[in-house]
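Protein chains in written order, with our numbering: chain A, 36 to 374; chain B, 36 to 374; chain C, 36 to 374.
Calculated from the structure, these hints are not laboratory results. Backbone N, C-alpha and C define an ideal beta-carbon position, used for all residues, glycine too. Treat the hints with care, as some may be off.
[Unchecked claim] Here are the simulated distance ranges between beta carbons:
#1 B:Lys351 <-> C:Ala143: 55 to 63 Å
#2 B:Phe49 <-> C:Gln132: 21 to 29 Å
#3 A:Ala162 <-> C:Pro128: 49 to 57 Å
#4 A:Phe49 <-> B:Asn346: 14 to 22 Å
#5 C:Asp360 <-> B:Pro72: 53 to 61 Å
#6 B:Phe49 <-> C:Ser89: 47 to 55 Å
#7 A:Ala162 <-> B:Asn85: 54 to 62 Å
#8 A:Asp149 <-> C:His329: 23 to 31 Å
#9 B:Pro81 <-> C:Gln132: 54 to 62 Å
#10 A:Asp224 <-> B:Pro72: 25 to 33 Å
#11 A:Asp100 <-> C:His329: 45 to 53 Å
#12 A:Lys351 <-> B:Asn346: 35 to 43 Å
#13 A:Arg364 <-> B:Lys351: 16 to 24 Å
#14 C:Glu336 <-> B:Asp224: 19 to 27 Å
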Amino acid sequence: MTATFTAAGLAQRFGLDVMGDGEVAIEGVATLAAAKPGQLGFLANPRYRNQLASTGASVVVMRVDDAREAPMTALVARDPYAAFARIATLFEPVADQPAGIHESAVIAADAVIDSSAHIGPFVSIGARSHVGASAVIGPGCVIGDDCVVGAGCELIARVTLVTRVRLGQRVRIHPGAVLGADGFGLAMDEGRWLKVPQLGGVVVGDDCEIGANTCIDRGALDDTVLEEDVRLDNQIQIGHNVRIGAHTAMAGCSAAAGSAKIGRYCLIGGGAGVLGHLEICDQAVITAMSLVTHSIREPGEYSSGTPLMDNRSWRKSAARFKQLDKLFRGMRGGDKESS
Amino acid sequence: MTATFTAAGLAQRFGLDVMGDGEVAIEGVATLAAAKPGQLGFLANPRYRNQLASTGASVVVMRVDDAREAPMTALVARDPYAAFARIATLFEPVADQPAGIHESAVIAADAVIDSSAHIGPFVSIGARSHVGASAVIGPGCVIGDDCVVGAGCELIARVTLVTRVRLGQRVRIHPGAVLGADGFGLAMDEGRWLKVPQLGGVVVGDDCEIGANTCIDRGALDDTVLEEDVRLDNQIQIGHNVRIGAHTAMAGCSAAAGSAKIGRYCLIGGGAGVLGHLEICDQAVITAMSLVTHSIREPGEYSSGTPLMDNRSWRKSAARFKQLDKLFRGMRGGDKESS
Amino acid sequence: MTATFTAAGLAQRFGLDVMGDGEVAIEGVATLAAAKPGQLGFLANPRYRNQLASTGASVVVMRVDDAREAPMTALVARDPYAAFARIATLFEPVADQPAGIHESAVIAADAVIDSSAHIGPFVSIGARSHVGASAVIGPGCVIGDDCVVGAGCELIARVTLVTRVRLGQRVRIHPGAVLGADGFGLAMDEGRWLKVPQLGGVVVGDDCEIGANTCIDRGALDDTVLEEDVRLDNQIQIGHNVRIGAHTAMAGCSAAAGSAKIGRYCLIGGGAGVLGHLEICDQAVITAMSLVTHSIREPGEYSSGTPLMDNRSWRKSAARFKQLDKLFRGMRGGDKESS
C-alpha cells in the first residue's frame, strides 16, 4: 500500500539532479531531525545544515553547494523547499471520494451537479447552484442559492456558501468557513438599527485557499472579491466589498474591514487588522497584530504595537506612554525657561 | 420575475418627496459609480456628490439641497442612507423557505414547533425546545435542549444553540455561530484544572443579529444577556455572564470576557477586547483593536495601541518604548543636577 | 425531578465540615446575590463577604474564618470555589445520550465504534477511525479518516476532526471546533503559491477541553500536540506543529503560530498571540492581547500594548510615539550642545 520511489525516479519526475546513489528507495518524507532510513528530508534553511551529518534520511533535497559534502544521496534543487513540497504530495494519503451524490444529500431540482463531482453526506445545495467537474463537496456542507463551485474545487467539510458565491477552479475551503454571509451593514434610524440589505455576492479566483472557520461576507451592492491564488489561513474575517489582490497571503486571525482594498503579493501577519475603505499597495508586508490605520502607498514592511516586556517594566512604560505629550511639552517648556 | 417600481411609487411607499419625473421605472439598486439606467442609487456622503453628474442611475435618493441641482429624478430624504436601505429590501432575492419540517430533521418528541415555521434539512432539535411562528431554521442547525426560538427568528444555516438559549423575536443568526456553549470556568485544584459547571443560559432580546462564527457562552449561574437590537458582526467572542445593552454594535473579531457589562448604544471596534468584570457606560465608542483594561464611566471615544509605521521606524520607537521610564528618570535627574 | 440534598449529605460526599444546621435541604446553586432559600452559594473572594448578611442562600460554602460569623449553615472548605464546582455538578442537567448509533449517521465500514458510545444524528465517521467507550459524538460532527476518539470523550455538536486526529480520554470539544485541518504551509514558486502537503496529525492528551470554533491545525510532518489537561477557550487558532504543555490554559481569541512551543501551567490571555517557532517556558503568564515576539525563558507575567485612554489624549501620545527616537536623540543632542 505504501508508495515507493527511487531517488533517480523522483529526480526525473521533478526535474532535479541526483548526486550519489540514485537507486536508494524512498517510502516517506520527514524533517531532518526525525527522518529514518527510507525517508527523504530537505535542507532549505542554512541554520539546519549541521543536521546533515546526524539525520537518518536516505535522501535529502538541497542546494548544490550543500550537496557536495552531503553524506547521503542528494536531490539538487535551486529551491529545495518548493521541490520538497512537490515530492511530498506523492506521500499524501488520498481519501476515497468517488464521483456521485450521497443518498442523504438534498439538492434543489434546478441545481446542476457535474457527474464527476463528489457530493458527501448531509450536504444541501440550493436553487440554481452549479457544482463543476471533479469538485468535492465534503460532509455537512451547505451551498445556498445561486452559487457556483468551479471544477476541481474542494470543500473539505461543513463549509457554508450562503448565497451568490462564485468560486473559480481548484479553490480549497476548510471546515467551518462561511462565505457569502450578510455584510455588517447598518444604518441608525430613530434610535434603532436598520439593516441594510446585502445584495452583492462573493467572487473567489482560481487556486485560492480559505482556512477553517474563516468568514468572507458578501458585498452590499457590488461583490467581495478575491483574485486568483489568494491564501487565507484560519479564523480570518473579510468584510463586505473587500478586494484582495492575486497571490496575497493572510495569516490566522487577521481581518479586513468593509471595502478595504489589499494589493497583490501582500503578506498580512497573524491577528493584523485593516480598517475599512483603506487601500494597501502591492507587496506590502504587515507584521503580526498590527493595525493598518491609513492607506499604504509604498511596498515595504509596516508595524504597530509595542514589544513584549516583563509586566512590571511594561507597567512603567505604559504609564509613561500616557504622559508622553505632557512630558515632552514640559521638557521643551523647561528648555525654553532655562535658555 | 424582476420587480419594477416607479419613482413616484417608491416615494409614496416610503414617505419621500419626488423631484423630477416620477414615472421613471426602477428595476434595481446600485452604487452611484456602478449604476446603470433603470437603477436607483443614493447620495449620503457629500464626498461622492461629484458622482451625481456621471452616474448612470435613473433615480437617486438624496437630501433636498443636493436634489436641486440633480440631473436625474431625485427621491428626497432627510436620511438618504436609511431611505435607501428600506428601498433596497424590495430588490432582495427571497429564498424559498416554506412552512413545514424537512423529512430529514430529527425533532425531540416533546419539542414544540409552530406550524408556520420552516425547519430545513439535517436539523436536530432537542428536548423541551420551542420554535415560534414563521421562524426559519436553515440546513444543518443544531438546537439543543430547553431552547426557545422566538417568532420570526432566522437561523441561516449551521447555527448551534447548545442548551438553555432563549431568543426573542426576529433574531437573525448567521452560519457557524454558537450560542450557549460552556463558559470557560475553571478552578485550579491540586495541580489540575477542575471544570466549573455552567448552569446558566443565554438570553437574546428582540431584533438582535449575530454574525457568522460568533460565539456567545452561556452563564455560569446567571444568564449571559443581550438586550434588544444588539448587533454582533462575525467572529466575535462573548464570555459567560456578559451583559450587552440595547442597540450596541460590535464589529468583527471583537470580544468581551466573562461578566463584562457593556452599556447601551456603544460601538465596539473590530478586534477590540473588553476584560472581564468591567463596566462600560452607555454611548462609549472603542476604536479598533483597543483593549479595555478598566471600567468606562463617561461616554466618548477610547483607544489604545500605537499608530502604523514603516517597520524600520517602528523598531526605533518600540526600542524607546522599552526605555521610556529610564529615559524620563534620567532626564529629570539630569534636570535636577543641572539646576 | 429536581435533586435534593441536605447540607450534611453534601459535606459527607465532598469531605467538607458543616457548621450550623446540617438538615437544611438544598435544591439548587446560585450566586450569593441571586440565591433564594433552598439554594447553596459560595464565598471565595473576600470582596463579597458583605453579601453573607443579605443573601437568601440556605447554605454557603466558605472558609472556616468566614464560617464563624455566618448567619446560615456553612460548608467549610479550604478552597470554596473548587468545592462549589464539585457540588454544582450535582445540579447540572444531564442530556439524554443513550448508547448506540443514530440511524442517520454514516459510518465507514472499517470504522470501529464502541457499543457504549453515543453517535448522534447527521454524524459521519471516516475510514479506519475509532470511537471509544462511552464517548458522545453529538449531532452534525464530522470525523474523517484515521482518527481516534478516546473513552469518555464528548464532542458536543458540529465538531470536525479532519484527519489523523487522536484524542486521549475524556476530551471535551465544543461546537464548531476544527481539529486537523491543513496547516498553513506555502512555498512561493515562480510567482505563485505552492501548497506544502500537511502529512502530520494532531494529538490531544487526556482531559483537554477545546472551545467553540477553535481551530487546531495538523502538523506538516510531525504532529501538533496538546499535552494532558490543556484548556482552550473559544475562537483560538493553533498552527501546525505547535506543542502546548500540560495544564496550560488559553483564553478566547488567542493564537499560537506554527511550531511555537508553550510550556506547562502557562496562562495565555484573551486575544494574545505567540509568533511561530518561539518557546515559552513553564508557568509564564501572557496578559490579554499581548504579542509574544521572542522566546520566554523565565516564569512570570509578560505584556505588550498601551493602556486605554480617551481618544483625544491617545492621539497625542500616539503622535509622540512616532517621534520617540527623534525626540530622544534631539534632547540628548541638545544636552550635549548646551553643556
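Now the hints, each set against the structure:
Range check, lysine 351 of chain B to alanine 143 of chain C: Cβ separation about 58 Å, and the 55 to 63 Å hint holds. Checked against the hint of 21 to 29 Å, the pair phenylalanine 49 of chain B and glutamine 132 of chain C fails, with Cβ atoms roughly 52 Å apart. Between alanine 162 of chain A and proline 128 of chain C the beta carbon distance is about 40 Å. The supplied range of 49 to 57 Å is therefore violated. About 36 Å separates the C-beta atoms of phenylalanine 49 of chain A and asparagine 346 of chain B, a value inconsistent with the hinted range of 14 to 22 Å.
A hinted range of 53 to 61 Å for the beta carbons of aspartate 360 of chain C and proline 72 of chain B is consistent with their spacing of about 57 Å. For the pair phenylalanine 49 of chain B and serine 89 of chain C, the supplied restraint of 47 to 55 Å holds, since their beta-carbon distance comes to about 54 Å. Between alanine 162 of chain A and asparagine 85 of chain B the beta carbon distance is about 40 Å. The supplied range of 54 to 62 Å is therefore violated. Between aspartate 149 of chain A and histidine 329 of chain C the beta carbon distance is about 51 Å. The supplied range of 23 to 31 Å is therefore violated.
The hinted range of 54 to 62 Å is satisfied by proline 81 of chain B and glutamine 132 of chain C, whose Cβ atoms lie roughly 60 Å apart. For the hinted restraint 25 to 33 Å between aspartate 224 of chain A and proline 72 of chain B, the CB-CB distance of approximately 29 Å keeps it satisfied. Distance hint for aspartate 100 of chain A and histidine 329 of chain C: a CB-CB separation of about 31 Å, inconsistent with the stated range 45 to 53 Å. A hinted range of 35 to 43 Å for the beta carbons of lysine 351 of chain A and asparagine 346 of chain B is inconsistent with their spacing of about 25 Å.
Range check, arginine 364 of chain A to lysine 351 of chain B: Cβ separation about 21 Å, and the 16 to 24 Å hint holds. Between glutamate 336 of chain C and aspartate 224 of chain B the C-beta distance comes to about 22 Å, which sits within the given range of 19 to 27 Å.
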